[in-house]
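S.K.: Sequence:
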Amino acid sequence: MKPNIHPDYNVVAFHDTAADSYFIIGSTIKTSRTVEINGNTYPYVPIDVSSDSHPFYTGKQKTTATDGRVAQFNRRFKSLSTAKKENV
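In the numbering used here, the protein residues as written are 1 to 88.
For the record, the hints were derived by calculation from the structure and aren't laboratory data. Remember, it's a predicted structure, so these values are computed and weren't measured experimentally. Careful: at least some of the hints might be erroneous.
Here are the computed distance ranges between Cβ atoms for each label pair [as the list claims (entries may be wrong)]: (1) R33 / H6: 20 to 26 Å; (2) V11 / R76: 55 to 61 Å; (3) D52 / G26: 16 to 22 Å.
Each residue gets a CB set at the ideal place from its N, CA and C atoms; glycine is no exception.
Assemble the whole structure, with the sequences as input and the hints as a guide.
M.R.: The following block contains the structure:
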């Protein structure tokens, strides 16, 4: 590997603010904030969503059954087509 071309790799504490959980993993992100966890000081990065708070991973996601455009059209205007056939 060439010297002095790679970013600094450090252990960083990511804080999921939605679930109030911490992930301590290696990263090249730079931050001026620090946090103390279990007696150790880590660079601190707050995040909005992680696997602890995302609905896909927590099992709280909402699924909706959606029909295609043609099915929606037919359902919406079904009564108009049957009324026209009866008048003919």
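S.K.: For every hint, state whether the structure bears it out.
M.R.: So, going through the hints one by one against the coordinates:
{"no.": "1", "hint": "R33 / H6: 20 to 26 Å", "in the structure": "holds, 23 Å"}
{"no.": "2", "hint": "V11 / R76: 55 to 61 Å", "in the structure": "holds, 57 Å"}
{"no.": "3", "hint": "D52 / G26: 16 to 22 Å", "in the structure": "holds, 19 Å"}
Checked against the numbered hints above, the structure breaks none of them.
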